[in-house]
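Make the full structure from the sequences, and use the hints.
As a plain string of letters, each chain reads:
Number of protein chains: 2
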Amino acid sequence: MSAKVFSALWSEIEAIGRVSSGGYMRYALEQPELVLRDWFRNQAHRRDMPVTDDGNGNLFAWWGDQWGRDAVLTGSHFDSVPHGGGYDGPLGIVSAFLAIDQLRAAGYTPAKPIAVVAFVEEEGGRFGLPCLGSRLLTGAIEPARAAALTDRDGVTFGEALGATPAGPLPGLTSRIGALVELHIEQGRQLEAPVGVASAIWPHGRWRFDFTGHGDHAGTTRMADRRDPMLTFAYTVLAANKEARLAGAHATMARVEVEPNATNAIPSLVRGWLDARAADTPTMDAVVDAVVKRATERAGRDGTEVVVTAESISEEVTFDTALAGRLSAMLGDAPILPTSAGHDAGVLSAKVPTAMLFVRNPTGISHSPAEFAEPGDCASGVDALATVLRELT
Amino acid sequence: MSAKVFSALWSEIEAIGRVSSGGYMRYALEQPELVLRDWFRNQAHRRDMPVTDDGNGNLFAWWGDQWGRDAVLTGSHFDSVPHGGGYDGPLGIVSAFLAIDQLRAAGYTPAKPIAVVAFVEEEGGRFGLPCLGSRLLTGAIEPARAAALTDRDGVTFGEALGATPAGPLPGLTSRIGALVELHIEQGRQLEAPVGVASAIWPHGRWRFDFTGHGDHAGTTRMADRRDPMLTFAYTVLAANKEARLAGAHATMARVEVEPNATNAIPSLVRGWLDARAADTPTMDAVVDAVVKRATERAGRDGTEVVVTAESISEEVTFDTALAGRLSAMLGDAPILPTSAGHDAGVLSAKVPTAMLFVRNPTGISHSPAEFAEPGDCASGVDALATVLRELT
Chain U
740 MSAKVFSALW SEIEAIGRVS SGGYMRYALE QPELVLRDWF RNQAHRRDMP
790 VTDDGNGNLF AWWGDQWGRD AVLTGSHFDS VPHGGGYDGP LGIVSAFLAI
840 DQLRAAGYTP AKPIAVVAFV EEEGGRFGLP CLGSRLLTGA IEPARAAALT
890 DRDGVTFGEA LGATPAGPLP GLTSRIGALV ELHIEQGRQL EAPVGVASAI
940 WPHGRWRFDF TGHGDHAGTT RMADRRDPML TFAYTVLAAN KEARLAGAHA
990 TMARVEVEPN ATNAIPSLVR GWLDARAADT PTMDAVVDAV VKRATERAGR
1040 DGTEVVVTAE SISEEVTFDT ALAGRLSAML GDAPILPTSA GHDAGVLSAK
1090 VPTAMLFVRN PTGISHSPAE FAEPGDCASG VDALATVLRE LT
Chain R
740 MSAKVFSALW SEIEAIGRVS SGGYMRYALE QPELVLRDWF RNQAHRRDMP
790 VTDDGNGNLF AWWGDQWGRD AVLTGSHFDS VPHGGGYDGP LGIVSAFLAI
840 DQLRAAGYTP AKPIAVVAFV EEEGGRFGLP CLGSRLLTGA IEPARAAALT
890 DRDGVTFGEA LGATPAGPLP GLTSRIGALV ELHIEQGRQL EAPVGVASAI
940 WPHGRWRFDF TGHGDHAGTT RMADRRDPML TFAYTVLAAN KEARLAGAHA
990 TMARVEVEPN ATNAIPSLVR GWLDARAADT PTMDAVVDAV VKRATERAGR
1040 DGTEVVVTAE SISEEVTFDT ALAGRLSAML GDAPILPTSA GHDAGVLSAK
1090 VPTAMLFVRN PTGISHSPAE FAEPGDCASG VDALATVLRE LT
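Residue numbers (my numbering), protein chains in the order written: chain U, 740 to 1131; chain R, 740 to 1131.
There could be a bad hint or two in this list.
[Stated by the list, open to error] With a Cα cut of at most 20 Å, we get these calculated SDA-like pairs of lysine to any residue:
1. R/Lys980 with U/Arg960
2. R/Lys980 with U/Met961
3. U/Lys980 with R/Met961
4. R/Lys980 with U/Gly1041
5. U/Lys1089 with U/Asp1058
6. R/Lys980 with U/Arg1032
7. R/Lys1031 with R/Glu1043
8. R/Lys980 with R/Asp1018
9. U/Lys1031 with U/Gly986
10. U/Lys980 with U/Thr1034
11. U/Lys980 with R/Arg1039
12. U/Lys1031 with R/Leu976
13. U/Lys980 with R/Asp963
14. U/Lys980 with R/Gly1038
15. U/Lys980 with U/Val1046
16. R/Lys980 with U/Asp963
17. R/Lys980 with U/Glu1035
18. R/Lys743 with R/Asp1121
19. U/Lys980 with R/Ala962
20. R/Lys1089 with R/Glu881
21. U/Lys980 with R/Arg960
22. R/Lys980 with U/Leu976
23. U/Lys980 with R/Arg1032
24. R/Lys980 with U/Gly1038
25. U/Lys1031 with U/Gly1041
26. U/Lys980 with R/Leu976
I should point out that these hints are in silico values taken from the structure, not numbers from a laboratory.
Quick look at the structure:
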C-alpha cells in the first residue's frame, strides 16, 4: 500500500478530538470518541460490513458470518489518555479497514469470518481501569463492578453505556479463533518498519491516599504540621529511585489535592503509582519497597498512607507459535516485548493473540509528539493484510 | 455580651456555603458568598445603615455620614479558602454588627462615622491574589490588572464584578480615620480571650512552572525521562527543609499537573510556594534557597523551572501607638504578631490600622476544624465595642 492511500483515510480522523496542545482528548463514550464510533459505523457501512455491539461498548464490523466459528479479530481502541497522541489505538482500527480493502482488491475471500473491533476504554482515562472493554468481553471483570466505576464527574460507566454491561461474549473461545492487534510501538526498540510482540510486561496501578491535617499554611508552626504533601513528594522520589535500582519502570504522574489552595496545608493528597517490570516478582518488589518507604516517611510526617491496588495485569506471553508464524510471514520481522498494556494482552488469556507493532522513530507515546511515518503505517497495513490472509 | 446573643446572630450564616467536608466553599462573588453579601445588606437595613459599594466589590454599611471625615471602619471578609473554616473573615463582620448593637443599646452616639466593611476576595481563593479588594481600595493594584485576573474557569474578576474596578477610594486618607479588623487568631499564641496585633510577617506566593517531556509512563526508559513531577517533589521537600532551618514557614500546598493521567509522564507540573518569615531578609533567603535547589534538581532531571512571584506582601507593623491604646483600653490585652495576611495589613500602608484577635483554642485555621468558643467571640464583641467607642 502507498503512504498516500494510508494518509487519505488517516486524515479523516486526524482532527477529531485534537485540542490546542496538539494532543488528543478522546475519553471513552464522550464527545470526540462518540464521533469516532460513528466514523467506525460509516466505514463499516461503506464496506458492507454489518456492525454489532457486544453490550459492553465494544464494536465489531463483520466481513463474513458473525455467528461463524474461529473468527479472526483485528483492531484496537479509539480512546486516548488526556492530551495523548493520535496513533495509540486508532492506528490499529484504520489499518484494519485498509487491510480488508487490500484483501478485497486482490480478490481474496476469507474462509473464516474477519471482524474489525473497536474496544472501549482501553486507556482507563475516563473510568480509571484500563482495558475495561476487553476485560468485560473476556469475563475478567464482573459487569456490576464495571458498571459502578465512576469518572471524574461522578458519572458511572453503566450510565455512560446506558445499560449494565452484558459481560463475557457467549461462546467466546469457539467464536473467536484469534486476535491480531496492530499498534504503534511505544519505545525505540523497533528498528524495522514492522515487528511482532512477544510479551507484555506485568504492570499495575496503585492509589496512595496520604492523609494529614488541614491547616493554615501561613500560621501553623513547621513542627506542628501533619502535611501529606511532604509524604507524597517523598514517595514520588522513592518510586523513581526504586525503579531505577530494579531496572523497572515506576511513575507517579497523577495527583489530586484537597483543598489544593496555596495557603492551606492539605488534608489529603492522593497519588497514583504506575509500576511495570519484566517479571512479576520484580514489579512486586518495587511496589513493596515504595509502600515501605512511604509508610516510614508518613510516620515521620505525622501523616497516614493507605495503598489500594486499582488494577494489576500479570505478565502476558503472547502465543509463541503464532508470533513465530507472523514473524516468518513477514520476512523474519523482529519479535520484541512491550511494557505497555493492551486489549490484546487481556484477550490472550482466552484466545490465541498476537500484536503487530509499527515503528515509532522517537519512541514518544501518550504525548502530542507521538508520531509514525505514513510509509511505515502503510507497511503495517501490508503486514496486517498478509497476516489476515494467512490466518483465514 | 452573652455567648447566647452572639450565637443567635452567628447561627444565621453558619450553614451558608458549608459542604460535606464540614468546611466552607465561599469563593468571592460566587453563590454562597453572594448570599452572605445579601445577608450583609439585610443586616445593615435592619439597623438603618445605608450600604455603599466602592466599585471594587467592597461593601460598607454606614452608621453616620458616609461623606464625613475620619470614619472608623471595622469588618473583615466573607470569602473562604476551599474547605476552609467558618470564622476566618465572617467573625469580624458579625462582631462588627453586634458591637454596634451594643453601643446603640447603651445609648452611645459616635462623633465620627462608623462603617462595617466586607472586603472582597481576601483569600485569593478564586482569582489568586489575596486581599484583592483592599488592594484596589488603597491603590495597591492597578484596576486594569485586577480586572484581568482569572479564576479556574477563565472568568475574569472584571466579569465577576460586572465592571472594571473603580480603584482607590477618592479622599481615602481624609475619609477613613482608622480601621479595626477583628479576626480569629490563627495559631495557638493567644492565651487570653482577646489580643491585639503588633505586626504581620512578610509573606508571598511564588508559582513554579516545572516543564519536562510528556511521554508514556509504561514504555519510556527511566534514563530517557524528563519528568517534571520529580523536580516538583524535590522542591516540596526542599521548601520544607529550608523553612525549618531558617525558622520560617514555607508550604507547597497547591499543584496542577498536565495531563494528570496515571500512565502519562507529565509535560507540566505547576506548584505554588507560600513563604513567610518574621522579617523580609529571612523570607527572601528561604525563597532564594528553594529556587536554587529547584533549579539544580531541574538540571539533573532534564526539566526546566520558571519561577514567578505572584504576590509579595512586605512586613506590616501596625500603628504602635494605636495598638498600645487598644491594649490599654482592654485591660492590658496581650499584643502579638501573626504570620497570616489580612486586609488590615494592606490598609495599614494608608491609614492607622489595628487588629483584634479572638482566641483559637486549637490554633487550627483554613480547615473545617477551625473553631472559637462562643464565650470568647462574645468577649471579642465587647472588646470591639469598647474600641469603637474610644475611637469615635
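Verification of the hints:
no., hint, in the structure
1, R/Lys980 with U/Arg960, "holds (13 Å)"
2, R/Lys980 with U/Met961, "holds (10 Å)"
3, U/Lys980 with R/Met961, "holds (10 Å)"
4, R/Lys980 with U/Gly1041, "holds (16 Å)"
5, U/Lys1089 with U/Asp1058, "holds (11 Å)"
6, R/Lys980 with U/Arg1032, "holds (19 Å)"
7, R/Lys1031 with R/Glu1043, "holds (12 Å)"
8, R/Lys980 with R/Asp1018, "holds (18 Å)"
9, U/Lys1031 with U/Gly986, "holds (19 Å)"
10, U/Lys980 with U/Thr1034, "holds (16 Å)"
11, U/Lys980 with R/Arg1039, "holds (13 Å)"
12, U/Lys1031 with R/Leu976, "holds (19 Å)"
13, U/Lys980 with R/Asp963, "holds (14 Å)"
14, U/Lys980 with R/Gly1038, "holds (17 Å)"
15, U/Lys980 with U/Val1046, "holds (19 Å)"
16, R/Lys980 with U/Asp963, "holds (14 Å)"
17, R/Lys980 with U/Glu1035, "holds (18 Å)"
18, R/Lys743 with R/Asp1121, "holds (14 Å)"
19, U/Lys980 with R/Ala962, "holds (11 Å)"
20, R/Lys1089 with R/Glu881, "holds (16 Å)"
21, U/Lys980 with R/Arg960, "holds (13 Å)"
22, R/Lys980 with U/Leu976, "holds (16 Å)"
23, U/Lys980 with R/Arg1032, "holds (19 Å)"
24, R/Lys980 with U/Gly1038, "holds (17 Å)"
25, U/Lys1031 with U/Gly1041, "holds (15 Å)"
26, U/Lys980 with R/Leu976, "holds (16 Å)"
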